[in-house]
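Turn these sequences into a full structure, and let the hints steer you where they fit.
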Amino acid sequence: MPEADVRLDRVTKRFGSFTAVDELSLEVPEGEFFSLLGPSGCGKTTTLRMIGGFEEVTSGTISLGDEDVTDLPPFKRATNTVFQNYALFPHLTVFENIAFGLRRRKTPIGEIRRQVASMLKLVELPGYEERRPNQVSGGQQQRVALARALINNPRVLLLDEPLGALDLKLRKQMQVELKRIQSEIGITFIFVTHDQEEAMTMSDRIAVMRAGRIEQLGAPEELYERPRSEFVAGFLGVSNLLDGDVAERDGELVQIRLANGVIIRAPAAATNGATKVRVGIRPEKLRVVHQGAEAASDTAETNGLDGTVFDASYVGVSTQYLVKTADGHTLTVYAQNLTSGASEALSEGQRVRLTWNPQHTFVIDDEGRVESAAPLEEESTT
Amino acid sequence: MLGWLRHHKGVVPYLFLLPGGLWLIVFFVLPLLTTASVALQEGSLASGYRLTFNFGIFPEAIGRWDTQLLRSLQYGLIVTVLAMLIGYPMAYTIAFRGGRYKNILLLLVILPFFTSFIIRTISWKFILADQGFILGTLKEIGILDQGFRLLATPIAVISGITYNFLPFVVLPLYVALERIDPRLIEAATDLYASRFQAFLRVTLPLSISGVFAASLLSFIPAVGDYLNAELLGSRNETMIGNVIQRLFLVNRDYPEAAALSLILMAGILVSIFFYSRLLRGQELTI
Ligand SMILES: Nc1ncnc2c1ncn2[C@@H]1O[C@H](COP(=O)(O)OP(=O)(O)OP(=O)(O)O)[C@@H](O)[C@H]1O
Ligand SMILES: [Mg+2]
Numbered sequence: 006m007p008e009a010d011v012r013l014d015r016v017t018k019r020f021g022s023f024t025a026v027d028e029l030s031l032e033v034p035e036g037e038f039f040s041l042l043g044p045s046g047c048g049k050t051t052t053l054r055m056i057g058g059f060e061e062v063t064s065g066t067i068s069l070g071d072e073d074v075t076d077l078p079p080f081k082r083a084t085n086t087v088f089q090n091y092a093l094f095p096h097l098t099v100f101e102n103i104a105f106g107l108r109r110r111k112t113p114i115g116e117i118r119r120q121v122a123s124m125l126k127l128v129e130l131p132g133y134e135e136r137r138p139n140q141v142s143g144g145q146q147q148r149v150a151l152a153r154a155l156i157n158n159p160r161v162l163l164l165d166e167p168l169g170a171l172d173l174k175l176r177k178q179m180q181v182e183l184k185r186i187q188s189e190i191g192i193t194f195i196f197v198t199h200d201q202e203e204a205m206t207m208s209d210r211i212a213v214m215r216a217g218r219i220e221q222l223g224a225p226e227e228l229y230e231r232p233r234s235e236f237v238a239g240f241l242g243v244s245n246l247l248d249g250d251v252a253e254r255d256g257e258l259v260q261i262r263l264a265n266g267v268i269i270r271a272p273a274a275a276t277n278g279a280t281k282v283r284v285g286i287r288p289e290k291l292r293v294v295h296q297g298a299e300a301a302s303d304t305a306e307t308n309g310l311d312g313t314v315f316d317a318s319y320v321g322v323s324t325q326y327l328v329k330t331a332d333g334h335t336l337t338v339y340a341q342n343l344t345s346g347a348s349e350a351l352s353e354g355q356r357v358r359l360t361w362n363p364q365h366t367f368v369i370d371d372e373g374r375v376e377s378a379a380p381l382e383e384e385s386t387t
Numbered sequence: 006m007l008g009w010l011r012h013h014k015g016v017v018p019y020l021f022l023l024p025g026g027l028w029l030i031v032f033f034v035l036p037l038l039t040t041a042s043v044a045l046q047e048g049s050l051a052s053g054y055r056l057t058f059n060f061g062i063f064p065e066a067i068g069r070w071d072t073q074l075l076r077s078l079q080y081g082l083i084v085t086v087l088a089m090l091i092g093y094p095m096a097y098t099i100a101f102r103g104g105r106y107k108n109i110l111l112l113l114v115i116l117p118f119f120t121s122f123i124i125r126t127i128s129w130k131f132i133l134a135d136q137g138f139i140l141g142t143l144k145e146i147g148i149l150d151q152g153f154r155l156l157a158t159p160i161a162v163i164s165g166i167t168y169n170f171l172p173f174v175v176l177p178l179y180v181a182l183e184r185i186d187p188r189l190i191e192a193a194t195d196l197y198a199s200r201f202q203a204f205l206r207v208t209l210p211l212s213i214s215g216v217f218a219a220s221l222l223s224f225i226p227a228v229g230d231y232l233n234a235e236l237l238g239s240r241n242e243t244m245i246g247n248v249i250q251r252l253f254l255v256n257r258d259y260p261e262a263a264a265l266s267l268i269l270m271a272g273i274l275v276s277i278f279f280y281s282r283l284l285r286g287q288e289l290t291i
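As given, the protein sequences belong to chains L and E, one line each in that order. The first sequence begins at 6 in the numbering used here and counts up by one. The second sequence begins at 6 in the numbering used here and counts up by one.
It should be emphasised that the hints constitute simulated quantities derived from the structure, not laboratory data. Please note: incorrect hints may appear among the correct ones.
Unchecked claim - Label-pair restraints from in silico Cβ distances:
# : chain 1 : residue 1 : chain 2 : residue 2 : range
1 : L       : I114      : E       : F21       : 44 to 52 Å
2 : L       : K111      : E       : F131      : 53 to 61 Å
3 : E       : Y19       : L       : E116      : 41 to 49 Å
Idealized CB from N, CA, C, for every residue including glycine.
Structural data, given as structure tokens:
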């Protein structure tokens, strides 16, 4: 890992007796697109505001590169911020909004003109110099806010839900745009969002936050494929979770006896030495086959569970099945609609077998679960 | 009636304006016309008045009372500046730092209004009295000379007026400042503005409408005030309000009193015109 651009060391923020951010440590290397993801109120904004200098830390240190900036005011930090609702200056034109930082640093006017022009080109808004913020659209305001921050050539750009106010289509478009700009100028982005899809598509790495702490930090596919807690598993998408006990090791795999007695296999590394575990499988990793037809697909290398389809809903690219196992668990399955027509489709009441590759099984340590177990439906946002 | 209205929807807004419009006609336009007509009449209480369109009364009145007219405008200006210097920080603190005490603090600002204007001004007379508890004590300790006085000086009159109209300055400023999103100030400091620059470049320009309203609400009544000069001043602090009051109620020289009232009004309107030009330029500067 290259030298850390932003480093938080056991940063804590309390509001009165309430701890909003709790002993949070993280390092972001230069040029990374890093996201803070988590449900409402988990402390994302507070963390970002402490990095920007708008909120004092209660304890801990924050550094940018080699410099300890914990006690510096915002105007002395090499960070710039894109605020949640843009916070454009309503009394100034687009030009003056973007030029604000350069003017404060006494840049000559010729240089300001040149740089504002090139910024407007970067965010694709040339010709808007003389408009007021209330005379441009929401998406355009967003670009002005971005240009206003980027023109100062910050070491780190902080973005607090910058796309939150945009409609879905514009949002997707701006996601691509933001990625393009980030790779073009190559500076570190710290991006706050509570939208897991947005975080997954844009980030190099994501810190999933919960109640002021980082629950898990990693690359998007790592968080998705190998969540270490039920919370992360639930926050990043739908998953099927089943209780079990680690039985015995089987080479690279480990055997886990589920509550209903069925033995399945999972990557040994995933268990981390725990004995009571929950195993998880993402719905798109499951394959549904008619019972009796399993001989063809069921091999020693796959895991399998029997059940009954009790709901099938067609959602275009895929069909979602809800399958109930004999002992009453409900599993969700996404089956891709490879062919058109209902020939493949399974109907309700049909007895099926679910199979999947053991490598696609993730394992959550059940002993540590008490603390992190929470009603997933309430906390996850979709 | 209602059926008719349903077919003439365009009339409805004017109906809503009717009470206010009538009020303005009865209590503003008519008195103004009466004042103008009184100013242009000649005669005396005994022999009766006749409308002679005596426009000469205006230059005459200005010539006679120029000292008091100028003094009033001057006091009005000083009061406005002072009230702004005191009121802006007050309004700023309440708006940005008031937290949940905002309403209580605002209540405290208007609390003096619960007693009458005259009583409040008379109590200032006690506070500023030559041997009152402030000056008396200071003289006792020897910090002040025995001959030192505040009453019957411009200081007393100006501070009295400033005190009386301060709430008129704080309230509109508060309203303007309260509307400012604190994130704009954060954004300014994020963009290399020191806290003072952020104030100068963002907070102040965004509160300029409040500054304008507050200055009018203190300048206009201050220029026309007579009670403070009456109770706290001497002959040397006589303001135009005192002159008008005396002409109307003591000398019964109605035409001249009416003429002076109109001159005062014109003076205020002209001042406001230039002031608004000045501020309009201000808002746009960066
Ligand atoms: N100034 C403050 N005073 C008291 N509590 C605060 C303050 N600011 C934030 N909090 C609390 O700290 C917690 C974290 O707030 P924060 O704004 O960081 O959440 P967030 O993760 O950004 O949520 P969201 O997705 O809703 O924006 C919340 O419970 C919030 O109520
Ligand atoms: Mg937030």
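key: Supplied distance hint 53 to 61 Å, evaluated on CB atoms of K111(L) and F131(E)   = This hint holds: roughly 54 Å between Cβ atoms.
Cβ distance range 44 to 52 Å for I114(L) and F21(E), holds or violated = Hint holds: Cβ distance 51 Å, inside 44 to 52 Å.
task = For Y19(E) and E116(L), compare the CB-CB distance with the range 41 to 49 Å and indicate the outcome.
result = violated, 56 Å
Checked against the numbered hints above, the structure violates only hint 3.
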